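*Asks:* Read off the chains here:
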Amino acid sequence: MKTTNQGKRTMIRIFQVTILILIMLLGISTFIGQHGEPSTGRPENALTHWNGWLQWDRFYQSPVHIALWGLLALLLLVSVTGGLIRRCWSRLMHLLLAICIILIGAEKSLNRRTMIAIPENVSIRLADRIPASGHSPDVVLTLQKFEIQLHSGTRTPRAFISHLIANHRDTLRLSVNHPLAFGRFRLYQNDFDPQPVYDIQVGDQPYRCGTGDTLTTPIGTVRIGRSDGDSGMITLRIGETTHKLRPDEPITFAGRPVRVKPAGYRFVSYIEVVEVRGIGLLLMSSVLYLTALGIALLRLREQAGRDC
Amino acid sequence: MERLSLAISAVLYLASFFLRYRRHRRLPAQWLLIAAVIIHSLALAARSYTAKHPPFTNLYETLMLLSFLLAVRLIVSGRRIPQAAMPGLTGCAAVLNLAAWLLPVALRTPRPLMPALNSIWMAIHVPAYFYGYMALLFAGTYSLLLLLRGKPVPELGGYIDAEVGIAFFSLNAGLLSGAIWAYQSWGNYWAWDPKETWALINILILGFYFHLRRPTPFKKALLVLIALLSVIFTYWGVSFILRGLHSYTG
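Just so you know, the sequences run in chain order A and B.
Numbering follows this note's numbering, in which position 198 of the first sequence is assigned residue number 513; successive positions increment by one, without gaps.
Numbering follows this note's numbering, in which position 114 of the second sequence is assigned residue number 133; successive positions increment by one, without gaps.
I should point out that these hints are in silico values taken from the structure, not numbers from a laboratory.
Source: prediction; values computed, not measured.
Derived DEER-like restraints, expressed as beta-carbon distance ranges:
#, chain 1, residue 1, chain 2, residue 2, range
1, B, 207, A, 529, 30 to 38 Å
2, A, 616, B, 235, 16 to 24 Å
3, B, 27, A, 580, 49 to 57 Å
4, A, 616, B, 102, 16 to 24 Å
5, B, 46, A, 467, 46 to 54 Å
6, A, 497, B, 235, 56 to 64 Å
7, A, 328, B, 207, 30 to 38 Å
Distance condition first, Cα-Cα at most 30 Å in a straight line; then the derived DSSO-like pairs of lysine-lysine:
#, chain 1, residue 1, chain 2, residue 2
8, B, 71, A, 460
9, B, 238, A, 323
10, A, 460, A, 576
11, A, 576, A, 559
12, B, 170, B, 238
Just so it is clear, CB atoms sit at the ideal spot from N, CA and C, and this is done for glycine as well.
This is chain A alone, in the form it adopts within the complex (with noise of 0.2 Å):
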């Protein structure tokens, strides 16, 4: 008896200190610029150049960071099996936190995610742009149209809207909060962008596309890149040669002449590719440590009312 309560206040000592650390250093982290966040995130303070052993531009992925919750995981497991933990709800609440901790821990590692752009009237298969996982979904996407739908009456938007066609068949919407998935992986919209389209004239022949598409012309693969926004002179690639041209200037390539001029603009539509791996289990465990914690508070509050 006397080694359990010894054995507790050692467990509950070390479990304070885990916690005084990953709240001291959580609350530093956060005014701290993490390495690959959007510049429109935190401010640029003294803090943001300050690093050191701890990495703090990337702490939520350092060694110390994952160290510091697998601690808290260990002591909550070591707890419920040592019955260091009378309370029959109060030790199945910390053993389900536990696991929701290591799931977390192993989902966030195993979780391989990609960001595929697709622009308007484009395809791809989706196999091709995710790596090889030997689950890719056989499955060719079209982006027919990208929509904004805004509030009535406002310059709001009130959805991102990507039409899209699986298999050249099925037309599917894919927007926020309503994800698409193709057996275990899942497509969410994540962002677009305008992207300027050209006219190109090769001889009598006429083509458009996109900053990056290439098209396969009688002259060889052109492929137009960035435009020079204030020149606006335009990067003509034309097999292995590069061209700078005004709008509309004609140049002369194998004997034919070639002429770009600017066409609009068209959406290119930035989707996120998500393996779904062991997301199930992990939302089971938290609704059920939810439930758990809830029944565990309220025979403490029985108890207490039974006590005064």
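Chain A is fixed; fit chain B onto it per the hints.
*Replies:* Coordinates of chain B only, in the frame set by chain A:
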């Protein structure tokens, strides 16, 4: 309609506070509180109608929501609340309501919801958090009472425990519902956004509360006040200083 109802309810909350503070008869103060809540609910309904969404999306709406939850709880659990805390809690509702009323126009102009906020989860996530904040305000008031008296009041310790329990459960429910919502919106249930991180810090502080060694009412009261300060920073500080995915809450 909305502004007028809010102003009237603030005045009624203040009147109820003064009656309780002066230790006049309890009944008129309670009736004033009931009248204030009815008028306050009209203000919330008017806001929902004008904004075309539940009043959970910015500082102005959440201040209205928080004071409303607090006042409703004062009515519903009136007999189970220590009478010494009633003036302080009624005063809290009045101050929060007045703060909402006094906010500059830029912070209270209704704005249509951005696409990610168009979700049923908003109706679970935000009230869960604010119910937790409300419970922590109760616990904070009891803690202040306990510290100001300067002598241990075992009865208040029990009340603090009960409120911290409610707050802990609500904050956990808010965090879980937020994670599910984020997963549905972006396929990522946790992004270490400053607001998320501070929400987790609040839970860790309350977790610490339940694992105090030799807990005394004084230690508990002090920890509750630290948790309350952390919640205030999460609610106001993070929105204005740190920004991030939740910056629209400002």
